[in-house]
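Fit chains H and F to the given chain U structure using the hints.
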Amino acid sequence: MMRKKIKSIIAIIIVLSTIFALVGCGESKKTGLNDDTVTVVWVMEGDEPTSEQYDKVWKKVNEMLLEDLNVQVELEFLGYTNPDNQKQLRLASGTNDFEMMKMGGSLLAQLAPRFAFAELTDELLQENMPLMMKALEIDPTRIEGGKVDGVQYAIPMMKTNISNSCVAIRGDLREKYGLDVPTCKEDIYEYIKVIVANESGMMGLQKSLALWSFYYQGDVSWGALTGTDNYVLFDATEECNLFMKYTTEEYYNYALLCRELKEAGCWSTDAINDSRSAEDLFESGLTAAYFHNVDTCGMRAQNMPEEWNVEIYRFGDCGDVASSPSASTMVFNPNSEHLESALQVLDLFMFDEEYYNLIQLGFEGENWEDAGEGYYRDLDGNLPETEQYKGNWYATWNLINKDFERRNIENYTGVNEIFNKAQEEGIVHPLTKMIFNSEVIPTEKAVIWSEISRYANALEFGMVADVDTYYKNLINALETAGLDKFMAEVQKQAEEFLKN
Amino acid sequence: MKQHRTKTTGKIKSKDRRRFNIIAVTILSFASFICLLPFVLIVAGSFSDEMKVLTEGYSLLPRGFSLDAYRVLLKNVDQIVASYRNTILICIIGTVGGLFVDSMAAYVLSKRDFKWRNICSFILYFTTVFSGGTVAWYMVLMELGFRNSFWVLVLPAMLSFYHITVMKSYMLSIPPSIIESARIDGANDWQIYIRIIMPMSKAVLATIAMYLVLQYWNEWYNCMLFISDKQLYTLQYYLYNMLNSSATLKNLIADATTIGLSHNAVPSQTARLAMTVLAAGPLLMVYPFIQRYFVRGVNAGAVKE
Amino acid sequence: MGVCWLKKQGFLYDLKKYRILLLMFLPTLVWFAVFEYAPMAGIVMAFKRYNFSLGILESPWCGLENFEFIFRSGRLGKLLWNTVSINFLFLVIGMFVQILLAILFSEITMRRFTKVTQMFICIPYFISWVVVGSVVYNMLNYNYGFVNTVLVKLGFERFDFYSNVPIWRYILIFFNTWKGMGYGSVVYLATVTGMDSEIYEAAQIDGATIWQRIWKITLPCLKPTIITMFLLSMGSLFRGNYQVFANIIGGNSLVTQELDVLDTYIVGAMMSGTNFGMSAAASMFQSIICFISVFIMNRVAKKVNENSALF
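Residue numbers (our numbering), protein chains in the order written: chain U, 1 to 500; chain H, 1 to 305; chain F, 1 to 311.
Hints may be right or wrong, so weigh each one.
[Stated by the list, open to error] Lysine-lysine pairs mimicking PhoX-like chemistry, simulated, CA-CA at most 25 Å apart:
1. H:K111 to F:K223
2. H:K115 to F:K17
3. U:K56 to H:K230
4. F:K303 to H:K111
5. U:K245 to U:K492
6. U:K147 to U:K485
7. F:K115 to H:K15
8. F:K78 to U:K472
9. U:K499 to U:K485
10. U:K159 to U:K421
11. H:K15 to F:K216
12. H:K111 to F:K16
13. H:K111 to F:K302
14. U:K159 to U:K147
15. F:K223 to H:K202
16. F:K302 to F:K216
17. U:K147 to U:K499
18. U:K193 to H:K52
19. F:K153 to H:K52
20. U:K147 to U:K402
21. U:K499 to U:K159
22. H:K75 to U:K56
23. H:K202 to F:K115
24. U:K185 to U:K245
[What the hints assert, rightly or not] What follows is a list of derived Cβ distance ranges for each label pair:
25. U:N198 to F:R111: 53 to 61 Å
26. H:I23 to F:D160: 33 to 41 Å
27. U:K492 to F:F174: 44 to 52 Å
28. F:I288 to H:R292: 38 to 46 Å
29. F:W61 to U:K59: 49 to 57 Å
30. F:E157 to H:R292: 42 to 50 Å
31. F:R169 to U:L136: 55 to 63 Å
32. U:F243 to F:Q257: 19 to 27 Å
Read the hints as simulated data drawn from the structure, not as lab findings.
Values in this document were obtained by computation on a predicted structure and should not be read as measured data.
All C-beta atoms in this analysis are idealised placements derived from N, C-alpha and C, irrespective of residue type, glycine included.
Bound-form chain U, shown alone:
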């Protein structure tokens, strides 16, 4: 008994001492700066890059900021696990431990009407973002994308991105089977079918949403309404014509096409649960085609063997519609004490060319050099588009400003041409900058979304033999869920938006 007692006492001592040792661990942050130096914490998604380049750039940025504003910026990364969930909780907790946060369009649309963000009044912007105000004198609509119900909550990216949907195919295989250079979308589908029929072990494509974009873009000029998860579309050739994606004839035909491709064996039945990424499969030569926007297609093509001779195409005569600048914005913590400093910092990041280039591309002359007319040439082989640092392109995407934006001059063959053509033909519709406030009719939205999640996948993976009946069921379900009421609200908000 005695020995046991001693044992347990020792155990308790060990536990206690580890506990005390650990308490010291948690607290040791923020090293000695001047007392009046303000620290601005910027919360963003993703993981902190571990490269030296990243450290170097942000050290330099902070040095510059210390001199210009007596401010330091601290980056906080949320990781890739449920970032939206984390953001909502952070905002709800009323904490003041961060100043600004990167925010996507759909979450912005959802949280802004519930007063989650600091309101950016005109005085605040005038006082703290002089560079931006100057830029806005030329085109005041540039910050429209940050407004919800007429109130400015966010600073959107300063660029209307023309979304362009392309396809990348294997040139070597196309030639092997004697197919001509494709001139329309049908040729591509034909190519895929031929490959699947003849190349054993190859899939047609890894099914994703990108096929839908490819299917309709170019034939019609449709844009997506922010705040509806791309479910509500509008026709950019008309003034105010909004509709639900699933009720269009195009969607029905798309469902038929999917069934046809599935029947032809372009993907297997189990594709619906396949977690392998379309990128991986295409790059490994397991799929015949890859659908995405031109830059991403180009990036993949660059990674692939040269003898595969990857070709990138875009079809259709209708111009693509600009996607919303609200897709990536910066919002501010209403409880922060340093709102002004945060705005000043953002002003420099987005509208001061020196800061801008440093953050987006790295050190001039060391990492990149000017190649004229909005292009840069990569010097050390680290392209910003590859998601690695230089700049951690993905994380700082919301800072993009078209005045300073540069593209890589050494993109994959044809990429820059397709891109430029799409930009020229692109249509910028006022509704592009609208953010739909669904909080007015939350019930309808929730039920409609749930019905879509229940029906759409099976159609789009071509798993249903009787497309007709199944499609009718989907439409019926949407109507019971209150589609009319939902679309009426969409229409109403859009008309109001266009009036102002």
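What follows is chains H and F alone, placed relative to chain U:
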């Protein structure tokens, strides 16, 4: 203990015993097989060549042996070591603390003559059905200053009604006569708890210890919500983060070239599996230590003392 | 502690009488107060239109608006039926397998065999649902899945799991049972371990067979634990383990339509981000039906065995 066991088994009718053993061995072998099979697939997959896994799926033997997945994952050795350290620490502290508090509560609730026994049980039970939701919970913890604190990984997960109830129902099966005789000797509740109940509850303590260890070992959610300091990441969160984002892995591509991988062959499927092996492997070795408490008669000595 | 000399029978008297027990219970009470009861205020969010700047308590009331979406779908009946039936099968089959394993482990005499198999069947618990999902995919895949490869080698036809909807109910039950069996059997094993071994010896002297022993001694001894565990699981009868559905069925909406449970419906509705009010409402709705069912079952359990009731 051993003597006791041999005595029991020795007397059983051998024919009967043999028939039982055959059935038991068949069932258990089958169960082990279906449990082991996926794990073998995972281990084999983690050592496979990424391309082969993409084209042909998992198999029982590694397809085209390759250590790429581990090489990529273990690139960030410091982070892995720190994560292991944190996880082991929260396991130890959380399990010891949880066992102690849980068992005290269970003892109290198992006292038949404790007047407020039912009310207390109900207070605890109520929380398993109704809860205020993540938002309010998050706010309370933030208010208490748990952000970026080690304790947020330990405290909020320490107790559970489930564990208390399992212990309680075990303690109820301890013959009341033993407790009564101690009481007559003048022992108070604390002394009874320490001297009699605890030694007699080894099996259930081992059970709950195992549950707690597993729970803390798998801890990632609180880490995700409250921890931004990488030094405090738990292993599971670090791995989970990896699992959840091919993009995270793509970040590692930058370094992949330096460790001799071609860009195409950056493992993401196999890395997923390697992470499971890294997370589960060490814990599987703990199990045998707990196991020895699951043998009949382990408490027999305590009863007779 | 026969305390007959103190006549007072009030609250204060009890407080003094039970002071040690209460002190022992205090840490638990504090923990539950802080981590469970303090956040309880969040329940009111179900009746509020949540406003970030006003916080939980100050946000404006909105009546039952947040609950509407649960009833609006028009398939609440099917949702409830699916949830209960699938969870009930999870529960009953899971428990049966766990108890069976516990009894086998406790009776079998081959020590080394027991040790090894015991460890093996605990393995699935270590594998996260995400990985289970990809293992399932790789086992059932039509072209190169493990199951189909074996079938082909044995001379059978390939089996297309993914367009065979009814089979998924059993796949779910199988993997749910598979994942929890080792972990769950430990509780029963501990109870068997703790049983009074004198009864066993007595039984052997009487010449009882193993089967009789299991039937007449082990099972009755396990009864309180079984009832308790059953009641504990009842609390989540209306709350599916969303992870199982999300990772095994995934996006397969053909299957989801058949096996739609409350949780999948709710998650589908919240697809574009969580609405705090609605998720609170959904959770409250589930809590209430769980609570009612557990309350009734607990009453029944009390009649059967006073000690195995939860409260």
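*Would you list, in rising numerical order, the hints stated earlier that this structure does not obey?*
Checked against the structure, no hint fails, so every one of them is satisfied.
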